[in-house]
Every structure is written in C-alpha cells, then in structure tokens.
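J.: Listed here are the chains, written in short residue letters.
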Amino acid sequence: MSASIDSLVSKEYQYGFVTDVEADTIPPGLSEDVIRLISQKKNEPEFMLNWRLKAFRRWETMREPHWPNVHYNTIDYQKASYYSAPKSVKPKQSLDEVDPELLRTYEKLGIPLNEQKLLAGVAVDAIFDSVSVGTTMRAQLAEHGIVFCSLGEAIHSHPELVEKYLGSVVPYSDNFFAALNSAVFSDGSFVYVPKGVRCPMELSTYFRINSADTGQFERTLVVADEGSYVSYLEGCTAPKRSTNQLHAAVVELVALKGATVKYSTVQNWYAGDENGKGGIYNFVTKRGKAFENAKISWTQVETGSAITWKYPSVILQGDNSVGEFYSVAVVNNYQQADTGTKMLHLGKNTRSNIVSKGISAGHGNNSYRGRVYVAPKATGARNYTQCDSMLVGNKCGAHTFPYIEVKNNTAQVEHEASTSKIGEDQIFYLKQRGLSAEQAVSMIVSGFCKEVFKELPMEFALEAQQLLGITLEGSVG
Amino acid sequence: MLDIHGLKANVGDKEILKGIDLTVRAGEVHAVMGPNGSGKSTLAQVLAGNPAYEVTAGTVQYDGRDLLDMQPEERAQAGIFLAFQYPVEIPGVSNAYFFRAAYNEIRKARGEEEVDPLEFADIMEQRLKLVEMDPAMLNRSVNAGFSGGEKKRNEILQMAVLEPKLAILDETDSGLDIDALRIVADGVNALKRPDNATIVVTHYQRLLNYIVPDYVHVLAHGRIVKSGSKALALELEEKGYDWITGGTPAGASA
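One line per chain: the protein sequences are A and B, in this order.
For the first sequence, the working numbering gives the first residue as 52, with consecutive numbering after it.
For the second sequence, the working numbering gives the first residue as 65, with consecutive numbering after it.
In short, the hints are calculated from the structure, not lab data.
In this text the structure is predicted, and so the values were computed from the model without any measurement.
A virtual CB, placed ideally from N, CA and C, is assigned to each residue, including glycine.
There may be inaccurate statements among the hints.
[Unchecked claim] Some, not all, of what chain B presents toward chain A, calculated at C-beta under 10 Å:
hint, residue
1, Ala140
2, Phe145
3, Phe148
4, Phe162
5, Ile242
Work out the full structure, taking the sequences as your base and the hints as a guide.
T.: Structure, rendered in structure tokens:
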C-alpha cells in the first residue's frame, strides 16, 4: 500500500554533463619534469618552482594516509594527469573574451558569469579543471583595495603576498595530499582584503572538474588584513564518470589581528552511482590561522563525492581569537565521509564552537573526527562541541571520533553527541498532513540541520536545503 | 461520505480489526468508544493510511473513491485529518513553516493558489484564537518540548487550519485537564459544518459532554458490538464496558 524504504526512484545528479572543449592536457604521470612543465606553463617565478620541487621531494617520501574510516582501492598517482586547461583560456583575459562554450557551462550550472546576469552581491571566480576562466566584479572590489583573482595571476601581480602567506598555514610538508597539492596545484583563488576593509559582497569560487582522468588540485589563499571582514563561498560540481577522480585541494585562511573570515562550502561533486561506481575522491586540507582577536568560521554542506576526507581547522594563535565549525555532511548510496575539524587553542582566552550534523542514508558511512587541543599557555580556553548524527534506513552507519587533549587546567571543554533515526512515525505524521515522503524527509532533515544552515549566507542557505533534499531523494519511502 | 465494509487489519501477524462496518454521512459526529485494546486507535490509523497496519479484507469508500488505494498524503489532500493520540515531534522545524507547508499542499491538491507567509499569518491569527493558543508557539519547533495538553491543542489548531472534510480525533481527550478539554471541544464544535463529519475516538464518556455525537459505537475485540445514540455513551459510563463486551464484573450475572 505504501512505498517502502529504498523503493522510490532516485533523482539524477543534474550537474553530470560534460563540456566539449579542446584542452591542453599534459600526459599522465608525475615527476620533477612534470612539475617543471606545470610551473613553466604558468610562467612562474623561481620561488614558486623551488617551492613546488621541495614539496614534490617531500611527497615522494610520504605515504598515503589510511587512518580515516573510509575504504577505497589504492590510487595509482602515475595514471592521473596533473594539468588540464581549456585551450581557449588566455592569461588575464577579460570576461568578454571567455569561450562562449565555457560561459554556457557555468550558465547551465546556475552560475552566470556574463556581466548582465551576475548574481547580485556576489563576485565569482570560475575554475574549470586546472585554470580560472574568469573573475567577476573585480573593478568594484578594486575600489576597496580588495584583490580577488586567480592564484596564478596573484603570483605575478602580488608575488610578495603570495610568497609571504602561501604555505604559512598549511606547509607543503603538512600531509600527503597537501604535499601533492603543493607540488602540482594549477590554480585556485586568491583574496586579499586590506586593513579595516569590510568586503562589500560575498566572494565565491565555483570549481568544475570537466576532463576525465585529471586530478584537480586547486589552492585557495585568503588573507584578511587587520580589522577586515570577508565572507567567502565555494561550490563544486563534476560530470558523471564511471571512474574515480581525485580532488586534493588546499585552502589557507589568514585572519590577522581583529579580522574575520567566514568561509562557506557547498560541496556537490559527483558522488558515484547508486552502486558506488565512479565519483570524486575529495581529499582536502583546509585550515585557518586566527591572530589576536580574529575570528575564523567554517561552514560546510557536504553532499557530494564518493569519499570525503576533510577537516577544516583553526589554529587559534592569537589571544581572544575565535574558531567556529558548522558542518552538515550527508552520505547516501555508497558514499563515505570522514570529516570534522581541529581546533588548536594556542592563545589565551581562545574560544571555539563546533556543530556537526551527520546524515547517513542508503549504504552510506559517515564519520565525525575532531580534535580539540588546548596548549599549556592557552589559559581560559573554551570549546563547545555538539555532534549529532541522523540515520535514514537500516544499512547506513554513523561514527564519532572525538580527540580531546587539554594541557591547561583552566580550560573548559564540552562535548555533546546524539544519534537519532528518522522515524517512520515522523514521516507518517507529515504525510498525514498532506506532504509527500520526499517533502517529509527534506523537512525533517532541514530541521535537524537548522543550526548549520543559519550560518550560511542567505542566498546559499536555500540552495543547500534543496541540495540536501535531492541528495536524500529515494532514500526513504 | 465514508463507507466501511468488513474491514480487517493486522499489526504484524496479529489481527486487530476483525470486520468493521460503519457509515458516516456529511454533517454527522460519530463517537467510537471501547476498552483498551479494542482496536479504536487501529481503526483511526488505518483510515489515515498508516503503513504499520496491514489491511487484510474489506473495503472503504470515501467520497466515492477507494480509500485503501490512496497514499496517506492523498487522503490528507482529499480532506481526511487525523488528530494523533501521540503527536510526533519534528525538532528544528517551526510550527509556522510546517503549518504553511501542509496548508499549501492541501490547497495545491484542490487546485488552489498557494499562500505566501504574510497571507498565511492572517489565517493563523484567527485560528489561534479558536484554540486559545499563544502566537509564540508558531515559532517553536513542531511539538518539540510541548506539554501533553499543548500537543493536543496543536493538533486541533492544525485541524482548524486545514479544515478537513472528515476529521478523526484519536483519544484527543486523554491527558487533558478539564479546561483544555473544553477548549479543544469548543474548537471542534466551532469547526462543525453541514458538509464535514467527525469521528471521535475515545475511551471516556466525558469528552462527549462537550462534543455531542449523533451516533455512538462500541468497539470490542475488533468489532462494533453495539451502536446507538448519545444515550449509549451515558449507559456505558454507568455500567462499564463489561456490560457489553461480555466480561463478568461482580454482581453482573443475569
């Protein structure tokens, strides 16, 4: 009489199309020569090449980490290609010069780059495979002295800032994937907000993987100078392919004295099909460093990728600095996520707040992994962690791995965790009021995630909510 | 409006309803009474389409449609409303949002325009008065942290907003103090119209002092064993359920 769990038809991933553009792709494989080639293609200064080479040599001595609670076949790093750029993209091109095929791609994704159709109040840097194809609203931002461009461009236009801050939060030696990224990263976004400036609009990067067998290794660097404020959002999609693709990004945030950086992610990489074939391996290192009285806030909505491995973290370096992490991670079908945060309290009276909402459906496996560290000198540090899991159906899993290390006895650290199951009774109740099963699940899940959604910029909160509904469609009847 | 014939239903392997016949016409109020475990709530849940209950035999016609062939949400959209005995909590979803979503789904099903939050606020304002509820409860999560009485009133508020054709109140009186009972009953009475009908499922007679039924049915062991007028409820109150269900209370042998 009533549709049972799992029997509803799943909605197709709507961003799974491929754009046909001629690309300049270097042959698969990784060696010093490949690194030199990438650096040369980007016409980089000496310091960048040296940094890449150091990272590569370090990477060669490292081993892929296997401590996360995820399972996949060994990756052959020599089989991937490490650089792919649409041939039509010229350096520093204006938006009028962008290949119409690429503009159409972003339009299809709901990200118009065309000046007449720009999203109000949002500046966008569009990254296609390995390169930035265009950045909008630059002139308006420049009036405030704000630099928002591709990292490749910043290396030429602001080498002193790049040299000073690149790797200052995530050193190339940090971990296996960060080392790999440092060696081969092709592009990414760069933001600099000058002293005391409040960035008047949302800055946003839209990442798109298009080529097959290409890894995507972008790198984002956000520097907020003293007393400034910036809110930044990234979105990600990729075509549907039956093979797995590697995405190993690095994001570094620097919040100088009294600055605030708010970084929001809506991640919707292709997650693989309902049998777990294909999908993106999303192995990402994100970290911010907050100086005195500064604040860094991470908000993430993770709905895509076959595997997600990511722990946006905050080094609470300065006294009175604040770190926040708000996360919704959803896994359906055979998706796996091992995600969480690290809050490293180094300064006095530092505060951190962690709210993690994990939703598992289908055969999905969701792990929260978090570390709260209070250093001996971090007098008066406070942390509050809330970690809630919701299960949809009987074949999924939710796990919590909190690591708490406190070396100062004035610290206050709280951890709360809960696990709940979407009840048939909740769904029936909502259906009895005229809502469909999908609407019911979407409403229950949105309620569960409310504390995180309210942290997202308004225009993206709605998108995130819809995305959640789509990801979970077909998981309950 | 509603025609039930030979309705049988199971929970798991256990047969709870063993052949129910009941006809409800527009404008009528029916009371379904019975001891615990007689199948009263099961009947209410089956009519609303709860998948936890399996219908094994019988037919149910509602407004000329085969009710048993309809999904729970289709039944709701067609005007069937169940006031739950145990209203369910939906944390993080505001009452206002939930009410409007439900209201709009039902309007859509009727081919009417959806209403925006402002229009809906006006509708809510009048309805809140009907059940004497504080508007502040609209901003609270659906039933979360509500007292038993608040949950029941919230059910009647939903009923007032959704204006069902056939309302089924499942033990709405249980757990209510006398004031709350009066408020709930007044609400139900105010919503009574010649073109809608109400089935009141209850264990006790006292609710029927406030909501006066046209018919009273006594359910026992999954069957309607006696039907009558309001007087039957009073007689039950006096003599107890054993009078009808065949138990043998002290001194009742005749």
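J.: Holds or violated: is the Cβ of Phe148 of chain B closer than 10 Å to a Cβ in chain A?
T.: holds (7 Å)
J.: Please check whether Ala140 of chain B passes as an interface residue: C-beta within 10 Å of a C-beta belonging to chain A.
T.: Status holds, d = 4 Å.
J.: Going by Cβ atoms only, is Phe145 of chain B closer than 10 Å to chain A?
T.: holds (8 Å)
J.: Return the status of the interface hint for Phe162 of chain B: holds when the least beta-carbon distance to chain A is below 10 Å, violated otherwise.
T.: holds (7 Å)
J.: Does Ile242 of chain B hold up as a contact with chain A if the rule is Cβ-Cβ below 10 Å?
T.: violated (27 Å)
Of the numbered hints stated above, the single one contradicted by the structure is hint 5.
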